[in-house]
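J.: Spelled out, the chains give:
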Amino acid sequence: MRTVSSVSPLLTAVLRDGWTGQNRAALTARDRSVSYAELRQEVLEIRDWLFRSSCRPGDRIAICLPKSTATVEVILGVLAAGATYVPLSHRLSTEELRRTLCDLRPRMLIGDRSVAEALRDAPEALPPAMSVATLGGGGLALGLEVVGATPGVPFTASADSEGVAVILYTSGSTGEPKGIMLTHQNVASFVDWAAQKFEVSDADQTISNAPLHFDLSIFDLFCTLSRRGTVHLLDESTARFPGAVRAFIEARKISIWYSVPTALMQLQEREALRGIQSLRLILFAGEVFPLPVLRRLMNSLPRPEYVNLYGPTETNVCTYYRVPSHPALDLETLPIGRPCEHLEVCVRDEAGTEMRIGETGEICVTGPAVMRGYWGQDEATRGCRLPDRKDSYRSGDFGYVRADGNLIFVGRRDQQVKVRGHRIELLAFEAVLQAHPGVREAVALVVPNDAAGGSLAAFIVPRQRPTEIAEIRKFVGARLPPHYQPDHIGWLDAMPRTSNGKCDRALLLSNARALLGARN
Amino acid sequence: MRMADTTQMILTWLRETATHSIDVEITDETELIEQGVLDSLQVLSLVCFVEDRFGIALPVEEFVPENFKTAPVIAAMVERLCASPAPSATRTR
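For the record, the sequence lines run as chains R and F. So the first sequence is residues 1 to 520, counted in our numbering. So the second sequence is residues 521 to 613, counted in our numbering.
Think of the hints as simulated: they come from the structure by calculation, not from any bench. Built from N, CA and C at the ideal position, the CB exists for glycine as well. There could be a bad hint or two in this list.
Claimed, not checked - Footprint (simulated), chain F over chain R, 3 or more residues, beta carbon under 8 Å:
no.	region
1	241-248
2	265-273
What the hints assert, rightly or not - Computed list of chain R residues with no C-beta within reach of chain F, every gap over 12 Å:
no.	residue
3	P151
4	E236
5	A470
Said to hold, decoys possible - Taking lysine-lysine pairs in the DSBU-like style, the calculated list, with each CA pair at most 30 Å apart, reads:
no.	chain 1	residue 1	chain 2	residue 2
6	R	K474	F	K589
7	R	K253	R	K197
8	R	K474	R	K390
9	F	K589	R	K253
10	R	K197	R	K390
11	R	K418	R	K197
Okay, chain R solo, but in the shape it has when bound:
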């Protein structure tokens, strides 16, 4: 047996050998089940394959694959090699994938054939010295195969990147990709807190809803595997069908669910979870869960404990609120709750002074789960810290502490909003709309509705030639991820203005329903 010391604390349980129960399932997906013994073997083989392919500890390995047991094995193999895994959405447009890769400068990209082919068209637009490997190739034991490399000198990681387990990308305020670096210790501190708080055990069957590039997946994978439970990967196409999700939960006796509220709301609309016996814990995060829907869900499925989790990707979960089994009817907002025990969370004003009970300020987080920083963006990293605290993060979210000690979320500082659980940069979205030749002016808004976070609307003043909505959607689809597809597109003859000549967003918002018609 090879030495597997000095690897991530996240892998301790996965790499341990010779324990009873090693034949229990660690991972399952629609058509495959992997035991702990098999997983250990695969992870070590992938690690060795990475070393043979010139990957070294500290390297960044981008992973752009659909969710599958093999993808999770690759993630764990990268960690076992002491490298950083960087999960990228398999549905990024080619242009966005290139932009992200140029920012990241990884040693290797592991994709499937479609990703490799899309990138092959313009190798000069890729970062230097990046090899491209595919998963799913025939012949090889692991299905991993290096299919090419871009010329140039490899980018050497700075010492600072050591110990980074994962980089999670979000789009920054200008729409440029922004990589959030989380160290093994960052992730482990959250995992330990959550596993302890929610008593995750080897009896747990966790359904993995979130895509692997979304921070919710860190709980699904690492909390479950560290306690030797089973992770059941719900693929994207099954997730679209409430009847199939119910069947999946029943067949696998799922006990833990963690998702954005939208996923639960869509199931509740069909009462797809009614009376399911196996679920013991329902966690949700990422957007505000509308209380009327939550009440209906809790009536339909009263047995599990419901917990509202809050936290930016930069800190992972930092507050939690256990929803009382019968939410009081006069409850107007769902608190985000109390600080997680491994972190300090407080509300401060511009000057950094802590606010009193009931006063709104910026939610600030300090402690071991706070990110190492933004990849390659030292200034942005410094800008989000509290003075003299390298382990702090000013979230840009506003809230206040209620008299009972629970934190109430009020809103974002900037125009960064969430729709269906995804971060949306309205300015970046507008910039793309405005780049379309048929568009004279464009404004993007989030119109509040019953759905969590509201719906995304675009108001467009077209040029003379009429432009098709389908064409706008295609244009957006080629440049931005799928969650930027607006729910509504409204045509305007002219953009309303305020008295000083600015676009009158407030007026557009207040008239949005009328302008967009009665639809939805």
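Start from chain R and add chain F according to the hints.
T.: Using the frame of chain R, we list chain F on its own:
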């Protein structure tokens, strides 16, 4: 209503609404899920459309990918639900 008409109506809806993300021509044989015609939002809108248009309520156990493979498969499900007596009203909205 004849099966063929129902299929036609679903095809028309798909062609009008689902073309933004893909460049395939949608026919009887198009694999709607595999070829990415029906993304998560499209599935929901399509269900809303057939429920409104045909006055049916889709029970959760029918809301599975097997019933949405192609336009004729969807039409067959719609016909079946139209023919069945008083659908178990599982929608809450």
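J.: Look at each hint and say if it fits the structure.
T.: Hint check results:
1. 241-248: This one holds; 6 residues, not fewer than the three required, reach chain F with a Cβ under 8 Å.
2. 265-273: holds (count 6)
3. P151: 33 Å, holds
4. E236: 8 Å, violated
5. A470: 5 Å, violated
6. R:K474 <-> F:K589: Distance ~23 Å between K474 of chain R and K589 of chain F Cα, so the pair holds.
7. R:K253 <-> R:K197: 21 Å, holds
8. R:K474 <-> R:K390: Answer violated: K474 of chain R to K390 of chain R is near 43 Å, above 30 Å.
9. F:K589 <-> R:K253: With a Cα-Cα distance of about 27 Å, the restraint between K589 of chain F and K253 of chain R holds, given a limit of 30 Å.
10. R:K197 <-> R:K390: 26 Å, holds
11. R:K418 <-> R:K197: 27 Å, holds
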